[in-house]
Structure formats: C-alpha cells, structure tokens
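S.K.: As they're listed, the protein sequences go chains U, B, G and F.
Under UniProt numbering, the final residue of the first sequence carries the number 417; numbering is consecutive throughout.
Under UniProt numbering, the final residue of the second sequence carries the number 417; numbering is consecutive throughout.
Under UniProt numbering, the final residue of the third sequence carries the number 417; numbering is consecutive throughout.
Under UniProt numbering, the final residue of the fourth sequence carries the number 417; numbering is consecutive throughout.
Do not take every clue at face value.
[As the list claims (entries may be wrong)] In silico BS3-like pairs for lysine-lysine, Cα to Cα no more than 30 Å straight-line: (1) F:Lys98 x U:Lys98; (2) F:Lys415 x F:Lys389; (3) B:Lys98 x G:Lys28; (4) G:Lys415 x G:Lys28; (5) F:Lys213 x F:Lys98; (6) U:Lys389 x U:Lys213; (7) F:Lys98 x U:Lys28; (8) U:Lys98 x F:Lys28; (9) F:Lys213 x G:Lys415; (10) B:Lys213 x U:Lys213.
Because the hints were derived from the structure by calculation, they are not lab data.
Number of protein chains: 4
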Amino acid sequence: MSDAALHSDLSVGETAALFADVRGRTAKLVEPLNPEDMVLQSMTDASPVKWHLAHTTWFFEEFILRPRVANYASPDDRFAFLFNSYYVQAGPRHARDKRGMISRPTVADVAAYRAHVEDAIATLLVSNREDLDEIATLVELGCHHEMQHQELLVTDLLHALSYNSLMPAYRDPEPMPVTAAPDLAFNRHDGGLVEIGYSGDGFAYDCEQPRHKTYVAPFQMANRPVTNREWIAFMDDGGYGNDPLWLMDGIARARAEDWQHPLYWWQQDGEWWTFTLRGAQPVNLDAPVVHVSYYEAEAFARWAGARLPTEAEWETAHAATPIEGNFLDNANLRPLPGTGVWGDVWEWTGSAFLPYPGFQPPQGAIGEYNGKFMVNQFVLRGGSCATPKAQMRHSYRTFFYPHQRWQMLGLRLAKDG
Amino acid sequence: MSDAALHSDLSVGETAALFADVRGRTAKLVEPLNPEDMVLQSMTDASPVKWHLAHTTWFFEEFILRPRVANYASPDDRFAFLFNSYYVQAGPRHARDKRGMISRPTVADVAAYRAHVEDAIATLLVSNREDLDEIATLVELGCHHEMQHQELLVTDLLHALSYNSLMPAYRDPEPMPVTAAPDLAFNRHDGGLVEIGYSGDGFAYDCEQPRHKTYVAPFQMANRPVTNREWIAFMDDGGYGNDPLWLMDGIARARAEDWQHPLYWWQQDGEWWTFTLRGAQPVNLDAPVVHVSYYEAEAFARWAGARLPTEAEWETAHAATPIEGNFLDNANLRPLPGTGVWGDVWEWTGSAFLPYPGFQPPQGAIGEYNGKFMVNQFVLRGGSCATPKAQMRHSYRTFFYPHQRWQMLGLRLAKDG
Amino acid sequence: MSDAALHSDLSVGETAALFADVRGRTAKLVEPLNPEDMVLQSMTDASPVKWHLAHTTWFFEEFILRPRVANYASPDDRFAFLFNSYYVQAGPRHARDKRGMISRPTVADVAAYRAHVEDAIATLLVSNREDLDEIATLVELGCHHEMQHQELLVTDLLHALSYNSLMPAYRDPEPMPVTAAPDLAFNRHDGGLVEIGYSGDGFAYDCEQPRHKTYVAPFQMANRPVTNREWIAFMDDGGYGNDPLWLMDGIARARAEDWQHPLYWWQQDGEWWTFTLRGAQPVNLDAPVVHVSYYEAEAFARWAGARLPTEAEWETAHAATPIEGNFLDNANLRPLPGTGVWGDVWEWTGSAFLPYPGFQPPQGAIGEYNGKFMVNQFVLRGGSCATPKAQMRHSYRTFFYPHQRWQMLGLRLAKDG
Amino acid sequence: MSDAALHSDLSVGETAALFADVRGRTAKLVEPLNPEDMVLQSMTDASPVKWHLAHTTWFFEEFILRPRVANYASPDDRFAFLFNSYYVQAGPRHARDKRGMISRPTVADVAAYRAHVEDAIATLLVSNREDLDEIATLVELGCHHEMQHQELLVTDLLHALSYNSLMPAYRDPEPMPVTAAPDLAFNRHDGGLVEIGYSGDGFAYDCEQPRHKTYVAPFQMANRPVTNREWIAFMDDGGYGNDPLWLMDGIARARAEDWQHPLYWWQQDGEWWTFTLRGAQPVNLDAPVVHVSYYEAEAFARWAGARLPTEAEWETAHAATPIEGNFLDNANLRPLPGTGVWGDVWEWTGSAFLPYPGFQPPQGAIGEYNGKFMVNQFVLRGGSCATPKAQMRHSYRTFFYPHQRWQMLGLRLAKDG
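Extracted from the complex, chain U is given alone in its bound form (with noise of 0.2 Å):
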C-alpha cells in the first residue's frame, strides 16, 4: 500500500489494545487442541495451526523488530527461513508444500516464542521513540495480517481433520438454531457512474485502493446468499454432469476431482450430511452453501437464468447495509441458517483479481502483500463465519482460484436490471 495507506487513525494506545486483542484470540482459538493437530498439512494450499501461530509472530519480528529495535534477539534466528511464507524481498524460504515436515520448535516452542515477540512489541508501543507512529501504523498491520491467519488457521484445520475417518470435532456440537431462509427475492438498482474502494481513515489493504470511477449499468441483486436447498435442486437437477452449463476449465477439474457436491458433503440413508469444525452434521437446508469452487457457483447461477455480480456491483448494492453475520468471535463456525445478510460465507463475484485503476503498492516486500497474486483468481466479497468481525468492511477484496473450495465460500446470485 502506498504511505497513505499506511496511515491508520487508531491511537498508540488504541493499536496497543488491538494487538492484544488479536493475539489473544488466536490463543483462544487453538486452545481445543492437542499438537499432534497442529502440525498437520493437509496440502500445499494449506498450512499446518502451528505455522500460522509462528508465522503471523514472525511478520512482526521481521517488519518491525528487525528493522527498528537496536540489538532485537530471536530466540531462533533460522525461524525466519521456516516461517516466511511467499515475501522474496524477505528472503529464502522453507518449502511451502513441507511446512507438515515441521515437527520443531515444539508447539510449546512456538507458544515461547509469541511471547518474546508479543513482550517485544508491548514495549514498543509504550516508548517514546520517533517513529512511534510508523511502528503502530505497522502493527495494525500485522493484526489485519494475524486476523487473516485466523480464518485460515481454522478452515485449513478443518481440511486436515477431513481426512481422519474418525471424524474429530474441533469444538463440541452446540444445537443449530432453526430459522428459515427468507424467500429468494432481487433488489434493483440504478448503477451509473459510481465509486468504489476504500477512503475512509480506518485501516484497508492497498488492494483495496485507490478509490476509484467506475460505470456499472443497472441491475438487480438477490436479498440472500444461494441456500443448500437451492443447492440441493441444482444436484438433484442433474447440475453437477449438465456441461454447457459449466465452463471448460470448470469441466475439466469437476471430472478430474469427480465433483458431485460441495466439498466435505456424503449421503446417508437419503439425507446429507458435511463434515464442519463441529463434526459431522446433517445439511441445514435453509443455511447457505458453503465451500463451493467459482466453476460451481458460476454453473449453478447459469442454471439459475442469472450470473455472478462483478465486485462494483456487490460493493454498491451493499454500501448501505451493516454487516450482521455470524462471526469468528461468536464461535458458531458454520453459516447461519435463514440468514438474509452478509458476513455468513464469501461471496464469489465474477471479477478477476486485479488492480483497480491507479493502484500503487507500497515500497519494498510490504509491497508484495495482494500484488502478486492478482492474476488467476476471482474476488470474493463480503466474510464468512470464520472472519474475524474487525476485518470485515464493505471494500475488502478477498481472492481464490477458481477451483478452490475449502474456504468458506459462497455466492449470491444477480443480474442485469
């Protein structure tokens, strides 16, 4: 991002609060485990608990401490080269598909060495030093960055735990609370010549920026995000093996990964079940689906005589309605049945990953945070059950490759107006 991204408008003390904030609920977040668990790399795409707990540490070693703090030890100065994860202006790195192969530094090891980094920054941030502000300014930073972790840490768990016949719960099953979906209804609106990205004070990503123009003609967006039963009709429709509905790529790797419903789902005994942080639970039909590819969900909207909106569309139609979902914090982990709004499940745009017009990224590896990845991937917008609330905002861009699905995504339906 560029300098005046990197302007946050939280105080010292306000950042201080944040931080401690972050790191304890990533504490939190691990407790249900033992370490055995956390150690499991499911696939290159997906990093073991204990490597987020040691790499969200280390971007603070590394863009702050180092560089700022005379005579800063490591406990361990090779846990840089294990714990960096794509930044090449930050050096070597360890294999990412190998990251499984990382037995030590213990899970206790690792838990030490939060708390030298997190003691190290608390005393920054109670100085007097010059660059004080810069130094909050990087550490907000690294909260969004931690923040991001945590809704990795969990879903790449719950990628890992899908492996094991046993069917391990991360957290115990708390009964779903039953509430229908609202009918399936489209909003008009207008379109013209709008604006969209962030340029307000608070913190964003540089990919988030500049705000910019943009023409976006009228059309029409659905109240709700598509609901499993919705999905269900798509299966039971013959969806998943009707090909011109699908794009090429899409039929490609539905037949390579014999695709017949969303990852983690089975049958049994005529009724569905899916694998969640909570065990296994039978399908809540009138829940949002979740974990779909954009190949499926741009399938399902074509068979649904709609398409995906482009992100200028989804950021325009919800640019007055507040985030009301089922968030991280409150540790339900699976989208809400009935829910009319956003902040459920990631919502699949058909916007490539790209920068919007006049984006600068910020100088050096910083600078590598979104840039590099904007090529073969779709924007998601809005924030799923596992987002922490603090990250969620109306110009956040989230990306995946089209064929991804062990996020939790979704998407919700539009068309032209």
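Got chain U; can you put chains B, G and F on it based on the hints?
M.R.: Same frame as chain U, now just chains B, G and F:
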C-alpha cells in the same frame, strides 16, 4: 452471439465469394507441407494441420449441412467424432491430446472431404431457399472460424517443427527488410466515460458485444510494441531472475520451465537466434518481441516502469488507427522490424477475458463459441503477422492463458495518465 | 557380448544374403502404410514406423560405416542425433518421447537413406578388406537388431492405430482357420543340475551367454499357452477384482489404468472383440491370450493353482521342441487358434532379467545392447506371430516391464513337480 | 508361511518374555520424541512414528485377539481401518499416503491402545487354552513384525526430520569411535551345488523358505562393506555423471532427482557432512557408506571392476560368520567406522526378490506378509545399525525398490571366482 449478432451485412453472393476465398487460402497455406508434417501434434494446446483442415470443414457440415440439407451424406459419419473440438452440445469428441494419433483419414482423404463440403455449401448458396439469409450468416461465421484456424494452423505447425533439430523451414527464408524502430513515445489519452465493443453491421463475435459504456481514467499509450532490443535489455538486466518483478504464479511457471528468454530463442556466438516459420533466423532487434507469455509481459512492463493497458484503454487509443500490419496474406510470417502500428503481434492487455456487461451468447452449440472460455485467460488485442487481415478489427478480443507463448504474442506499454 | 560371442558361423556371402533378405522384409512390412501412419508415436515406449526404418539404418552407419569406411558420407550427419536410441557412448540423442515430432526427414528421405546405407554395406561385403570377417559379424548383428525392430514396428503401429476410432486395419482381414486348442495337460520334468544359455556357433546375444549350470527342482510344464477361453473364465470369476490373487504393484497399476481385460479388448453384444493388425476381430476362444502384462499373467497363474515357469524351466522343457509358430513371415499377425507349440505368443516367465553368471558385455557402445536394461524387467521366452522366424531360438531372452502389454505377450503355466 | 513355518521353538513363557521385551524396546525408542514428531509423514514410503506404534499393536489385535478371544473389545473398532497397512484380506484401509493426517487418536490415546492390547496378550499367554501353542507362535510372529517396524520407525523418522533445516537430533551426538577400516580384500569361495534358505527350528519368515539347492559358480567376496572413503573416490572420479556405468533406469532416476551423492549428504567447507539420527555429522571416511540406492550401488560396483553378490553367494560366504554389528540395541544408530563384519548396513545383492523354489505362503491374510511384494524389488542381506539384533540371521531377506535410499542401505563387492 445474440440473433442480432448473427445478422450479416454481406449479400449472399459476397458470402459465397468470401467462402471461396477463405477456403482457397487454407489450401494455399498447406501447399508447402508433406503429409508427415500434417499429422504432428506437439502438445495438447496445439492440433495437427490435418485436424485444422478437417475441423474447419466439419464446422460447415455440423452447423449447416446436417441440420438444413435433407439427405445430406457425409463421406464418413464418424468424422464428426474425430473433428469436433469442444462443442459439448454437438456430441462426444475424440480426446484432444490424441489428435496426433489420427493417421487416417489421410491428408488425401481430408482433401476429398473438404471438396465434398465445399461443393455442398456452394450449391446451397446458389439455391433459392427461404432460409438462405440464415445460411449465409452461418457460412460467414464458418469463414471467420476458419480464419482463426488459419492462424492456429501456422503457429501450431511452428511449435511442432521446433522439436526437430533439423530446424525445417515452412517457407524459404527471405531477406528481412531493414527498418529501424521508431523511438518509444507515450501518447496521452483523456479517457472518461467511453464506449467499447462492436457496434457496426459487419461480422463480429458475441464476446465483442454488446457495445457498452465504461469509465477510463486518463492514461498514456506507447506508440509501438516493445521490441526485441528492449527485451534483450530486460534479459541483460537479470529480468528473468528478479523475483520482485514477477507475479507469484509467473515465478512458479518460469522456474518449472526454466524460462530465460522468449520461446524459440537461443544464443549462438554471442548473438540471439530464433526459430521461425522461415527456419532459424537471427533475432531482429528492431522487430516487436514475440512468443512471450502474459507473465513475462507483465514483469517486463513493471521493469520498464509501466504497465499493460486494459482492453478499454487499448480500444479507445486505437479507435482511429487503421491496421497496417504484416498480414498472413502477405506471407511474411514474421513481425516486421520497425513497426509502429498494430497488426504485427498480438498485444497482451491486463484485462481478464470476461463477459461484457449484458453479454448474451446465442442459443445452441454455436453459443459455446467464446463464452465457455471466460475464465483464467487474458485478452490480447490487435492481430499478428499470422492473422488474416479480414479477421482484424478494433473490437476483436483474442484470449490465451497467462503461461502460453506459442502464439504470436507480444506487448505494448501503457501508463497512468 | 564378448568377442567370442561376436563370432559368426555365417560366411560373408551368407551374411550378404541375410542382409538383403532382412532389409527387404522391412521394406515389405511398410508397403501397406501411408506416410501419415509412419510418423505416429502413441507413447514413450513405442516409436514411429519411420523411426524404426531410420534407426535400423543408423545402426549400420554408426557401428560399421563411420568407424570403418574412410570418407564415408552420410546423407545427413544430423540423422545420428535423431535416430540413436539409447546408446550413450554413441553421443547425445533426440528425446525418446518426441520421436513423433520428426516429420522430416520424410518417409521418402528415409527410404533414400536406407538405400544409401544398403549400397554402402553391400559394397563393403564384396570387398576384400582384411577386416571383412569382423564386418560381416557386425552386419549379422545389425540384421538381428533389425529383426527385433520388425516386431516392434508392427506392435508399435498397432498401438498407435488403436487410438483411432475408425479402427483402421494394417492388413486386410483374412478368415482365421478354425482349430480347437488341445486340452490342457502338464508334462513332468525331472530338472536337476542342468545347463542353459546359448552354446552353438550361430548368432546369439550377449545376454544369452555364457552357457552355465543351474539347479532346477522337478517341475511340470503346460503343453500349450493359456487360451482366451481360459482367460475369460478368469475374468468371469472376478479375477481382475480379486486382490489376494495379485501382487501389490499389480493392484496399483490395474486400479490406476482400470484394467478389466487384456489390452485392446472390448465387449459388444455379449461377445468379446479385440483390435488387431487386421482391424476389429472377435476374440478367438481357442487362440492363446495375448496383450497381458506380467501382473495379469502372474495373478492368472495363481488363480489357476499354478505359477509361471522360471526361464531355466522353460529352456529345459523346450530344449527338444522345435518352433512351429505362426511367424511374421507368414504374415498372419495373430496368434493361431489351437496352437500347442511355441512361437505364437511370448511367454512370461517368473524370472527377472538379470545377467547370467559370468556375463560379460562386449566392449564399447555395442556392449550397451542388453546389459543396461538388467533391472525391473521380466524375461519372456519363445517368440510371437510378429517375430521373424530367423530370430527365434531356445535360448532367446526378451524382456519387458511387468506393466507392459502392447507387445504380443501371453503365458504358459507351470507347477512344482 | 506354511503351517510348519509357523512352528516356533520358543516355549510359551519365552514367548511372553520376548513380547514384553520387544514392546518395551519400542516404548523406549520413542521416549526422546515429542507428540509433534510422531505424526510426521514425509513420503508415501514412510509412516509416522505414531502409526508404527499403533499398527504393530493392531497386528496383535487383528490376528490374535479378534479371531480368538470371545468378547474382546477394542478401545475403538475404527482403529482397524486406520492402522491396517496392506492386508487386503483384513479389510479396507486408510490411504497410505494420508497417514500423516491422523492427528487423533493422539499419542496418548495410542499409548493407551498399546497398554490395552499388551494386557490382553499377556493375559492370554498365561491362560491354559488348548490353542496356546498356536497363539504363542502368532505372538512370536507379531514380535518379529514389530522388530521390523522398530527399524522403519527410526529410519522413517530420520527422513521426516531431514526436511527440517534446524536439523534436529533424535539422540544427543556422541563421539564416534576412531577406527580404521581394514584394507579391502577378496576371499575366494568354491561355490558348487549348495543349499540356502532357513532350515532351523527358530523363527523365520515364509520367504526365507524352503531351504533348497542352488548352483553357485566360484566367486570372491569382499571382506567388508564399501566405505565412505571409497564412495567419495567414486564421486570424485565423476561416477554420478558417467552414464556407461549406470543402468538405464538408474540414469533416469538419478537425473530426475539430481543425485550427486548419497542421501542426506552435503558439502561444507570442502568436507562432506551427513544428517543422521544424531543430527549433522561429518562423514566418517572409515565407516560403511549408507543411504545409497541399488542403482548407485550397482554403478559403483561396475566402476570398481566388481559386481554385487547374488544372495546365494552372500548366504554361502557368510554362513560361518557370526553377526558382530552395531545394533539398534546398542543405540548408536550409525554404521561403525572400521567395521569388517556384517550387521552395520544392509548390503544390496544383485538378486531380485522372488519366491524360492517350492515357496508356499501360509493361508489367509498372514500369507500376504511377503509374497505380494515379490516383484520389482531387490534383496538385501545382513542387517543394519537400526536392526534389532534378535531379528538378524543369515537367511534373512529384506527387500527394497532399486531407487530407494532412506533405509540404512550399503553394499559389499563380489567378483567371479
């Protein structure tokens, strides 16, 4: 394309002339080849010459003769299975990566197949059927389809021949005219709320439509494509090994395939050479660079302190520039040195290939023409020395995956205004 | 082979006659083919017909003409690169999996290359050089080498044609003689301390030597190969899905490639059909089963309460049995129904292809002929309907990987005595 | 093994003592490990430590407790699915390459599982059941099975830890005794009609039987394994790049994986280092080379003007040599420098792993123990510093694929007599 889109402004007689002309040009293209040359398939992305000859013929048979001519008899009904490409609504297909296994029908058999279908179409076009206008419109589509395959035919052939260490020349080498490239300059454009997309009465594909409004911020556009001289400067500056210039997916691909220069290049006695349709040739420093992927083009642009244009910028900036390239019809088959116009090499844009607002594909299998490729690919604009001139227009969108290089792919720089 | 092994009992004149005969037979084999047929390469294990034509010619050039004929001029020195197969001491080679990309030299060019080398060899054999005996011995080796490639030529061709749904026939179908297979019987052999390996004055490969002692326990050998009728009984009994019958590596391969029957088989209206060099044919129940891998053969034998013979058992048991098969020279190119002898199908043994005690390969590149393949392969004995009769002998060891099926591979059962 | 083979010469009491001893040694092996270490799976060939702990326990449950103890209750019946390895007759299994995904049951759960089964077996062995002898024989088999897994446990662990750039040591480094290797010498053996295979009253696997006659030509056997000093001479002489020394499949594998030295080696300041169970260590020039594949060993032997021994030669030559190696029980876990006996490293033979004449596997799932691996693997003889001494005997045949290197694999040279 919508029904409107299938309207043609050619008379039936003009269509018949176009048909004769296009079919004749295809035949001329393969004159220098042996039967052995015509069955080679060097990768899944490429097809044998003979397959192009048959597939373009099958297109007329499948979409015109079979549905509209009572008692039409194909030389062999099984050709439909062998020579369908990807039209899922037109039935099952021969595996795409096994097209090089089809030694029979032989080249002679395919020539007879071509003659058979040409007779039938010619007969149809001089009939006085009620649906003659519809037929003529479909014939025109078939001609444009065949022109696309003319370009693929020669580029696929180049790829296949490149595996032969004898470096066989498709055509005899001719001396390349000596012309210096004009100095690089950027022309400023105001942008604003503009319209792009095809709007005339002539032929255009569904994906070029509808003409629609879009907002473009002020920008600058280079006066010519990037040259080989500039590309070598990038190479000499370590561009291929400078990770921060590259997209992450680009680094992965470049590493996996050990990219150090454009496709078909090698160094010999301190000079760069390249394999072309005229055999081995020294790289002409003043000619546009060609056979570079999106990943390479995007990294080059960053290195040059610029970026790739969007397709709206490209179309706006070129709206008043006539084509003056080096066309397939001119038979040179190499980008011309010193070119300052468009039509010598395709130019990568930074725009993903996605539907225009309001896009409507036509009904039926014809509707699969472009729509089902609208994911994971980037748009190129312009046209190349392998493109028939009749196929070039300002609104034309071709598209390739960001790693592909075997087509005549180059780039032109742009900047924010 | 050792120098002794390279001794030949043919006179120079007989060698010249063998040379003319073998070269002529190769030319005859390709008469029914089009140029397009001759460039197909369907997998890395197989080579194009044209490559076989050129490689067998290169062998004479590389090992006789170049080292021994002053001023010998090849039509193109670069052919050595294109048509070397695996002789590492003979220099670098064209990538094996890209042989199907070599459209030029054309079939006509290769015919001229063949004629050029044939003239040179014929001239050499009527000279009165001092090293004429050595030359004749090498020519004889080249003839046997070419006979091996005659078999590969037709089996590789069959594999390539099998990808064509038109099911083209290499030769016109002829009615298959109707003969019932003899009843299965086992002949008992005493074994003991026996000798195997080649010991005569004629031609034999290095790997058939030295003749050596080996101890064989009493055993029983079937009177004929396993028939298609017996194989179908195995299939009908669920043999392909009965894991305990199979080796672990066999299960993995059979699952990965979905083996349910021999290669080239399919079921049609309740009857089994197979693709052959004479096109589609009903499976003849009395003919030996062919196109089965070692894994399948080994599992079948276990199902049948028997086992595969060792090569010592095979050679001992067949020592007194003359060849009476259905040879390539007879041009039938299908195993004959009712055969009770050997020479119709290669017979898998349970012996790994390893050096005989005291094995010594000859010096130089010729020494790479067999020795470097002595790992991971199993020996087959006998010979097939695609094997030239002059190439068959009791001590002959051919070898393939246990998963390979595209050669004319069958089996004969054995039991402990 | 046949029923006879399952006869044991141990009394029931001795079997109970063996059981207690073996189970205790396994527990001791994992004492230095953290839970995180115990779930790592670094490749399909290797399994997590925890899996070994559970699988060896499952073996007693599956083949003894379930079939023979009425009302036996497992801690979790689903463990049978998770911890079966390859016994197809024992039901479906967890995918082998996903064993590293099983975080639960935890290490503590598995320890409880072990205790549960140990109690049940111990109780059984002090009962006065009629089938007590049969049970004791099966318990003895289970103990030998567990000893095999003790070796795999530490070698699999080494492989997993090798991916960690922190180079964690399984055990604290101890100084290596300084001993010079004896000079290389070859001892001549007459061979003749000999007998090999197990014939005593103790425990032996089915594949070591029956003892049988075989003919061995005169040969010479080296007095000790090949040392690291000799291996470095091979490397320095360009052995890894000298294609004519290598088998074709070996060249392909060495190229694909860029082999330039044994597994786990690297060069640092001109000296060779290696990663061991005691962490990074300098390569001891007098110690036997270890972690070399069959391909490397076979090429080395050719370079040295020798060859690998057959297993008949090995067994004959060592018949009178007692084991004096460096055993797992001694806890050194590195081949000892200066060793002139056997038992420090497994020694590759040139014999494929195939059934002995008259081989009969036992009935049922136990019969899958060795027989189903009799393809594509080579026999090694002796034993390594990771092998429990009680498992070593002259007739023991272990086997690995020719490309595998992660076990303690070395070689001893032989020559024709």
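S.K.: Hint by hint, say whether it matches the structure.
M.R.: How the hints compare with the structure:
At roughly 14 Å between alpha-carbon atoms, Lys98 (chain F) and Lys98 (chain U) fall within 30 Å of each other, so this suggested pair holds. Proximity of Lys415 (chain F) to Lys389 (chain F) is assessed by CA-CA distance (about 29 Å); at most 30 Å being required, the pair is judged to hold. Under the criterion of a C-alpha separation no larger than 30 Å, the hint pairing Lys98 (chain B) with Lys28 (chain G) is consistent with the structure, at around 28 Å. The hinted pair formed by Lys415 (chain G) and Lys28 (chain G) fails the criterion: a straight-line CA distance of about 42 Å is larger than 30 Å.
At most 30 Å may separate the alpha-carbon atoms for a hinted pair to count; Lys213 (chain F) and Lys98 (chain F) exceed this at roughly 43 Å. Distance restraint check for Lys389 (chain U) and Lys213 (chain U): the Cα-Cα separation of roughly 28 Å lies within the 30 Å cut-off, and the hinted pair is therefore satisfied. For a cut-off of 30 Å, the pair hint linking Lys98 (chain F) to Lys28 (chain U) stands: about 28 Å separates their Cα positions. With a C-alpha separation of about 28 Å, the suggested pair Lys98 (chain U) and Lys28 (chain F) falls inside the 30 Å cut-off, and the hint holds.
Only pairs whose Cα atoms come within 30 Å are accepted, and Lys213 (chain F) paired with Lys415 (chain G) is accepted, the gap being roughly 18 Å. Pair hint Lys213 (chain B) plus Lys213 (chain U) holds up; C-alpha atoms about 13 Å apart against a cutoff of 30 Å.
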